[in-house]
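Q: The listed protein sequences derive, respectively, from chains A, B and C. Reminder that position 313 of the first sequence reads as 313 in this note's numbering, one-by-one numbering, no gaps. If you want this note's numbering, it's the 1-based position in the second sequence plus 1000. If you want this note's numbering, it's the 1-based position in the third sequence plus 2000.
Just so you know, these hints were derived from the structure itself, not from any lab. Hints may contain errors.
[Said to hold, decoys possible] Only pairs whose alpha carbons sit at most 30 Å apart, straight line, appear in this in silico DSBU-like list of lysine-lysine:
id, chain 1, residue 1, chain 2, residue 2
1, A, Lys46, B, Lys1024
2, A, Lys150, C, Lys2370
3, B, Lys1139, C, Lys2184
4, A, Lys180, B, Lys1009
5, B, Lys1121, C, Lys2149
6, C, Lys2009, A, Lys74
7, C, Lys2142, B, Lys1010
8, C, Lys2379, B, Lys1139
9, B, Lys1022, C, Lys2370
10, A, Lys180, B, Lys1102
11, B, Lys1147, C, Lys2373
12, B, Lys1102, C, Lys2370
13, A, Lys5, C, Lys2191
14, C, Lys2004, B, Lys1102
15, C, Lys2370, A, Lys136
16, A, Lys48, C, Lys2184
17, C, Lys2142, B, Lys1022
18, A, Lys6, C, Lys2191
19, A, Lys5, C, Lys2070
20, C, Lys2373, A, Lys150
21, C, Lys2379, B, Lys1024
22, C, Lys2279, A, Lys150
23, A, Lys48, B, Lys1139
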Amino acid sequence: MAEEKKLLKVTIDNITIEVEPGTSILQAARRIGGDVAPPAMCYYTKLKGSGGKCRTCLVEVAAGSVADPRPMPKLVASCRTNVMDGMVVKNITSEKVIDARNGVVEFLLINHPLDCPICDQAGECHLQDLSYEHGKEGTRYEFPRRTFEKHDLGPYIQLHMTRCIMCFRCVYAADQLTEKRQHGILDRGDHAEIATYIQQSLEHDFIGNVIDVCPVGALTDKTFRFKNRVWFLKPVQAHRDCTHPKCCGKVTLWYRGEEVFRVTARKDQWGEVEDWICNECRFEKKKTADWEIEGPTVVNRHSVISQGHYVGVHKPKEVLYDVLDGLKPRLFMDIHSVSEVNEPGRDLSRIEGPAHSTDFKE
Amino acid sequence: MKFSEDTLKKVAEVIARYPEGKSKSALLPVLHMAQDEFGGWLSPATMDYVAGLLNLEPIEVYEVATFYSMYNLKPVGKYIFEVCQTGPCMLNGSDRIIDYIKAKLQIGVGETTQDGLFTLKTVECLGACGYAPMMQMGKNYREHLTKEKVDAIIEECRQNAALNN
Amino acid sequence: MSIKLLLEKANVPGIISYEVYRREGGYASVEKALRNMTPDQVTDEVKKSGLRGRGGAGFPTGLKWSFLAKPDGVPRHLVCNADESEPGTFKDRYLMEFLPHLLIEGLIVSSFALGSHHTYIYIRGEYAWIPDILEKAIAEAKENGWLGKNILGTGFDCEIYVHRGAGAYICGEETALIESLEGKRGNPRIKPPFPAIKGVWDRPTVVNNVESLAAVVPIINYGAEAYAKIGIGKSTGTKLISACGNINKPGVYEIDMTISVEDFIYSDEYCGGIAHGKKLKACIPGGSSVPILPANLLLKTAKGEKRLMNYESLADGGFATGSSMGSGGFIVLDEDQCVVKHTMTLSRFYRHESCGQCSPCREGTGWMEKILKNIEYGKGKMSDIDLLWDIQRRIEGNTICPLGDAAAWPVAAAIRHFRDEFEWHIRYPEEAQQRNFGLAHYADPLPAPQSA
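Chain A with its partners taken away, still in its complex shape:
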């Protein structure tokens, strides 16, 4: 008979759940889901040793355990702190946590170029999300932002060191997915950087995964560079019989019209890849004929990528009438009647290529 594992009780933001021993606070919080899950910029479930560095997932431990109910003196990194039985954790219910997290976000942004308008990661960038939730509209940093010497990593991967937040994920990925790591963290302190030292291209046939693990726009797909904005693309699940022994062959294709603009690994709701893919799948297979299409990717409706993609999506019920007890709000102006752009029935996703004003005059 298998030995029954004793489950541990943990309370996070007043919600109690039971988890297996060895579960981190972050994983337990993700089990609860929603806003209770702390943001994680450096931790990555699939990368051993990752986490603890960015400090965005700091939480307050109000009670350590049943055995030792004392609070922990400092905020702890939830990604690297394991749950104890009877632990009480405060995430968004702790002012201390929110204050510290705001601080961390400010630190991450002071030297960030904020070049989202020309960054390929925009729309799926974790730092963007984090700044949206915790950042301020202005900056208190009045000094020139840090710059680095340009470093070319070859035909597939574009490095923008100024955007890097030093999460170390790409280094762990190269360590754990390839036999020979070529890039690493050089220098130290505020001038530490991701580089190869002697300029060389990253050649390993699994190295493309560093693009998927990068939480920001520091490592992007060169074959997709400046080609399109992600929110204009339609993600579609697909697979192929990949011959690479480690590649799962299951991907997301990003379409615009009939054209596949890029291929990525499939990601879960936390933005982590479900399984790794090889460079060939990612960079070389950009025709629909290369793939077996499974169907549209489910996109979180809060994501900008979900904007205006699918015809006939189920619209959530209009609750205003219920709230107003059956009364209808008075309509001051029907915007559709005066706008030349937002005409009803105009489906942005049907427009090929970037939308121009002429598209709306048809």
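Let chain A serve as the given structure and place chains B and C on it in line with the hints.
A: Coordinates of chains B and C only, in the frame set by chain A:
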């Protein structure tokens, strides 16, 4: 590029200090030896050689060499003046010493004189706070610096260089 | 003259050599421990002595030893932390340079207590000439049967190796030191696991400061009780203080922890007063990371009591009006010194030494340095002071290792106690380039504390 026989013996000795399979532990000491033996700095070729010697990927060596402040990644002068500028030395006038060396050698911080003899660097606390102001020169510390002492040190270096040429 | 346990023989000519050291009674503690005591008895003795880690944190050494995991078949290691890099601190260097055998002796006894057969001394790279001294002492000890196989016929084997760093303050943090010993970048590890469970090469490891390990020698020689009798309260034994800055006699002093700060600064036995007949303005009593205090709060606590050179008294008043014993790096500023500039150099130091691994320290240290530079060079704004306060507040406690705190505290304390000097710099930027703020009111007697 190859270490002398003596150094190679020393490398083997150092590796033997650590448990089997943990020869990476010898990286810091071996990089020191490499810097001493191959011209006072770590060229990419030198680092690659060390990587081969210890069975490491070159990037592992670059990561380490760029982390620690004592490894020179660019060619340096024959004599490096590393003047401490942290709190306790500052209280005892390290700024004046740095300015004096700059003026005397006609170089800025981080630069090397044209004859390739002297490099001036500012460094952070070297643990000689009671003997401030001070600088490191090669293996040793020069402490209680004054302008006169700096003059004497420069003269000493020039003479040594002339003798060894 | 106060009691000397570590530096007692420091002035004996030739004490650096094995012959003289042995003739003066050296290695007696090894004989006593290995022949008459069990490892646990040695650990108990260190516990009873009340010895607190001399590297800065002040954690009880015996307690730390008792946490060491001892799984069967897994080697354990003692690592001596000789990465002394805290500005103001140069006491370990003195011990190693002039009394190398004392450290080796302490290491042998401690290795025996912990069951470490391969013990390492991690020494900062800049102390480039000291490994030769230590290696010579190790060789001499080995020749005379104190190291190697079957020491004193007790069956205990021990080797000591010197491992030289290459310039990184962060390697004084024990997990960064362990990484560095493994030949990696000195990035502190995320704890747990603690080194006592998983340290160097994933083996149970104890990391102790040079002075702590040297102090094991008198503890074994004279007994824990006698050792604990010296000092006051939880500040037992003697402490090495490295005094520097604007004093007449900078150097390394051994004190028993009953002496007052005032006596330490002004008596001829120690610092010999402020240099050039000037007045005392401020002091950092325990290495650059601990809070700076103005003269009035340094000599007397907020309660109006004489402040003593020990762990409790220096910390009296918490960070609001007290400081900390830290590593014993005693930095004295005279009336002509500028606290803003001094704080700026410390911020530059911490920015330079940040490993860059975690965001608050990597980004925050550089930001503080830049603002302090602006204020020092006449480009500051009044709002900068509050901004500095906010930055240090958000670094403190939120980083992987204590370097974040160490970078935050000096800035916090400088603003807390010297805010008017910062404001003066901002209000009179041109004047501030010409002269310093001076002593101002920083040595004025404090108002008597009000009782409720």
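Q: Holds or violated: lysine 2279 (chain C) and lysine 150 (chain A), Cα atoms, limit 30 Å.
A: violated, 53 Å
Q: Could you grab the alpha-carbon distance between lysine 180 (chain A) and lysine 1102 (chain B) and see if it respects the 30 Å cut-off?
A: Roughly 45 Å between the alpha carbons, so the hint for lysine 180 (chain A) and lysine 1102 (chain B) is violated.
Q: Would the hint linking lysine 180 (chain A) and lysine 1009 (chain B) be met if the CA-CA limit is 30 Å?
A: Cα-Cα ~29 Å, so holds.
Q: Would the hint linking lysine 5 (chain A) and lysine 2070 (chain C) be met if the CA-CA limit is 30 Å?
A: holds, 27 Å
Q: For the pair supplied as a hint, lysine 2142 (chain C) and lysine 1010 (chain B), is the alpha-carbon distance within the 30 Å limit?
A: holds, 19 Å
Q: Within 30 Å, alpha carbon to alpha carbon, are lysine 1102 (chain B) and lysine 2370 (chain C)?
A: Holds - the C-alpha atoms of lysine 2370 (chain C) and lysine 1102 (chain B) are around 24 Å apart, at most 30 Å.
Q: Mind checking the alpha carbons of lysine 46 (chain A) and lysine 1024 (chain B) for me, to see if they're no more than 30 Å apart?
A: holds, 26 Å
Q: Would you mind confirming whether the straight-line C-alpha gap from lysine 2379 (chain C) to lysine 1139 (chain B) stays at or under 30 Å?
A: Answer violated: lysine 2379 (chain C) to lysine 1139 (chain B) is near 40 Å, above 30 Å.
Q: Are lysine 48 (chain A) and lysine 1139 (chain B) close enough, with their CA atoms no more than 30 Å apart?
A: Cα-Cα ~40 Å, so violated.
Q: Is the hinted pair lysine 2142 (chain C) and lysine 1022 (chain B) satisfied, with a Cα-Cα distance of at most 30 Å?
A: Judged against 30 Å, a Cα distance of about 25 Å means the pair holds.
Q: Mind checking the alpha carbons of lysine 2370 (chain C) and lysine 136 (chain A) for me, to see if they're no more than 30 Å apart?
A: holds, 21 Å
Q: Between the alpha carbons of lysine 2009 (chain C) and lysine 74 (chain A), is the straight-line distance 30 Å or under?
A: Violated: lysine 2009 (chain C) and lysine 74 (chain A) sit about 44 Å apart, past 30 Å.
Checked against the numbered hints above, the structure breaks hints 5, 6, 8, 9, 10, 14, 21, 22, 23 and satisfies the rest.
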